[in-house]
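Trainee: Residues per chain, in single letters:
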Amino acid sequence: MNDPIPTASGALPVHEFPDRLGAITVRELRAGLLGRDMVWLLIGVQVVLAIAGIYALQVSSKNPSAAHGTMQFAVWSCALIGLAVLSPLRALRALHGDRESRLLELLQLTPLSAGAIVFGKWVSLAVQAALFLVSLLPFFVLRYFLGGADLVGDANILLILFGFSVVAQSVFLLVSTFPRFMRGLALAGLFLILFSLLFSGRAMSGFGVFDALAHPFRNEGSDAYWILLYLVAQFVCVIGGSLSLAAQMIAAPAENYVGRTRLWFAGWVAVFVCLIRTTRMPPEWGEMAVIALVGVGIAAVLELGVERRLLPAHRPRRLLGRPFAWLLLPGWQSALLFHSSLVLALTVVAYALDGFQQALLVIPSAVALVLLPRAILVFLPWHWFGQRRLAPYALQLAFALLALGVAAGCGATSAAPGWPQFLPPLGFWNGLAWAKSGDWSPLPGACWAGVLLAVLIARALIELDAAFDEKAAKRR
Amino acid sequence: MSDGTPLVELRDVHRRFGEVRAVDGVSFDLRRGTACGFIGANGAGKTTTLRLLATLDQPDAGTIRIAGMDIVDRARDVRRLLGWMPDNTPTYVNATVVDYLDFFARAQGFRGAERARRLDETMAFTDLHPLARRPLKGLSKGQLQRLGLARMLLPDPQLLLLDEPAAGLDPKARLEFKAAVRVLRDQGKSLLISSHILSELEEMCDELLFIDAGRIVHQGTSAALRRDGGAGPAVTRVRISLVGEPGALAEWLAVQAGWRVVEALTDGLRAEFAQTGREALALELRRIVGAGHAVCGFQVEEERLEDVFVAVLHKTATNGRSGGNPPEMPAASVPPPLPPLS
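Those sequence lines, one after another, are chains A and B.
For what it's worth, this note's numbering labels the leading residue of the first sequence as 1, then goes sequentially.
For what it's worth, this note's numbering labels the leading residue of the second sequence as 477, then goes sequentially.
Honestly, the hints are just simulated from the structure, not real lab data.
Where is the CB? At the ideal position from N, CA and C, for every residue including glycine.
Warning: the hint list may mix true and false statements.
Derived list of chain B stretches under chain A, where covered just means 3 residues or more per stretch with a C-beta under 8 angstroms from a C-beta of chain A [to be verified]: (1) 518-532; (2) 550-562; (3) 568-580; (4) 583-593.
Away from chain A, derived, C-beta distances all over 12 angstroms, residues of chain B [to be verified]: (5) G644; (6) T697; (7) W728; (8) L741.
This is chain A alone, in the form it adopts within the complex (with noise of 0.2 angstroms):
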């Protein structure tokens, strides 16, 4: 049946394979394969790859510790280069240009809805994410010849390299849904946390965690089932709520309605808590509590940010008068209910298990993250400010001094500083706490503050000069 059918122009294939696909998947399947970026990422990898084995295979006989490095060095670097960094890199630019010219409005009046979509996009990139990873594997075997390699380790590296790769394609799916200036928040954020990871001494203890990872069964014995399974479930309940919110972000007003994103932010905080429970690190509930937190938290923030920049509160009236109906609909009073029953629930798990004083760390945190960004929104007035458009960089002076006192009111304590605490507002807001707590630092809140409050300055005293500027040319 791969005959084509004879019409007019005479060229118009009947394809039967692609046709089990979707129409999106088939689409950016085609175009992402021949794109010149796919075409040379492959190549250059390629070229690199083979120069390293070609290197590594001559001196092997004379040094073969250097030969092993070498290709040690070379495969890793091209597969986190690639996986980690490229590939969701890639997805970043995925809907933003369907968006801008319209082509998004021409699929939604199609039978296609926005969640296939986005899933179509998605299962096209995680394809092109498993066809660069496939080209590597040569060079992995390669090295069985050059010293000897851990096979199964390695592919159990691998596979979780690239469980990360999808999981941030689809984040970085959602992100390109932003407008521009989003996009650059959102990639300032993850840069802002590999700094944080690299500079916090947590990378390199990191590499442990990917050696229990690999011969899970070794290290964790019957537990590592179990373990393998909150990892896949997280893995799914990530790419589900990002692909279902960026469905959102793209759905036509009819169908915009926010349930099923929420339901998968539950999921993914269950299985957490699930996964913590199991792995028992950290070993506080409360600090187990306040890190998922930081989940919720982003999703309150992305949701209310999302629907206050982009989205026209749509309210399905079929959802109307159903039990438990505030808990998916959109609007602010939704999500705010929505958000803070799961940091309730969250705080009394907190409390039952760990007693009073982690749950009280729960509270400032729940209050940061998820009534915070509303406060900011709506309720602020920003005529006590004066100048409208200077008042958020007002209040965010107010709190980075309110961290600074707070974080230098502490002094300086032993304790490492553990990577939660550089992700902000974290650093700002549990300073007290934790510093209290004895086993938390206040370095990194206090380093943060600093930054941000010569950030903050310098952009004050820019939009001034601007604001004076503007006020001259309009007095001329």
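Starting from the known structure of chain A, arrange chain B on it as the hints suggest.
Mentor: Showing chain B alone in chain A's frame:
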């Protein structure tokens, strides 16, 4: 074929963007098998109304029904019935004509031989077969419009919404487009076409819909529009061609009872006479010739639609200033039955 039942019903539809009332209480019906021209100045609310109809936006208030289905509650069902052609055809950068249409055919759910057949039919209708392998980035504006038309027609929709389809087209492409619209109308499809080129809309459309500042100011046939919104039924517009300068005739007409010079032309002038009877006009012609003017042509003209449009807007503005309601919409007249499918 028009069967008189409304395919599209808008009732008191409102849409605001901040302080701007883009659509402000719009109500109208569009019957099946009717081609309707949608006319208004820039920012009058044409595109917003079309986007509401295309389910790409939602009204703040009011209801829109297509084939009896509410566009908010049953958006997916409504979309199966409609085709949407924006003012610019969005394209993929590295695709060819056939790739682009093939993708949208897949997106519409066509598979295998059915997809190939639909592609072949729409490409034949829009004469795109010779361009099948051409990359989209090299297509002219007219070719892109044909591509947009082909994409829109793939699912064989009942209601076609076209936003400024003739903008930027050369005369040949315009003629092709007009012919395509006539064929589609004859096939029984309903069309709502927004445009600034009123004369073309008059040729293509059964009725015209005027919108101004988000409100419908007139709906009806072009004849009804001339009767209700133009200079008035008691006025005849004539074009008088002269041998030599028209200045003397203009001065002479200016002092004659019932005459008003509208426009001076290079070879004559355009004027209005406050009577309509053929005998009265023959008498006036005899008087003009008798006064010594070298008349070489005397032609009764229909009022131009552009002038009627301006007159309608003027009337609406005057009513608005005096605090009165906008003019009542005349009852839409049923157009004559269209010829059978070719």
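Trainee: Next step is simple, just say for each hint if it's right about the structure.
Mentor: Results of checking the hints against the structure:
1. Evaluation of the coverage hint for the segment 518-532 of chain B: fulfilled, as 3 residues show C-beta separations to chain A shorter than 8 angstroms, against a requirement of three.
2. Coverage of the segment 550-562 of chain B by chain A holds. Counting CB-CB distances below 8 angstroms, 8 residues qualify, and the rule asks for three or more.
3. Look at the segment 568-580 of chain B against chain A: 8 of its residues bring a Cβ nearer than 8 angstroms to a Cβ of that chain, three or more, so the hint holds.
4. Counting residues of the segment 583-593 of chain B whose CB lies closer than 8 angstroms to any CB of chain A gives 9, so the stated coverage by that chain holds, three being the minimum.
5. No Cβ of chain A approaches the Cβ of G644(B) within 12 angstroms, the least distance being about 17 angstroms, so the stated non-interface status holds.
6. With a least CB separation of 30 angstroms from chain A, T697(B) remains clear of the 12 angstroms interface cut-off, as annotated.
7. Listed as a non-interface residue, W728(B) keeps its Cβ farther than 12 angstroms from every Cβ of chain A; the least gap is roughly 57 angstroms.
8. The non-interface label for L741(B) is consistent with chain A: the shortest C-beta to C-beta separation is roughly 44 angstroms, beyond 12 angstroms.
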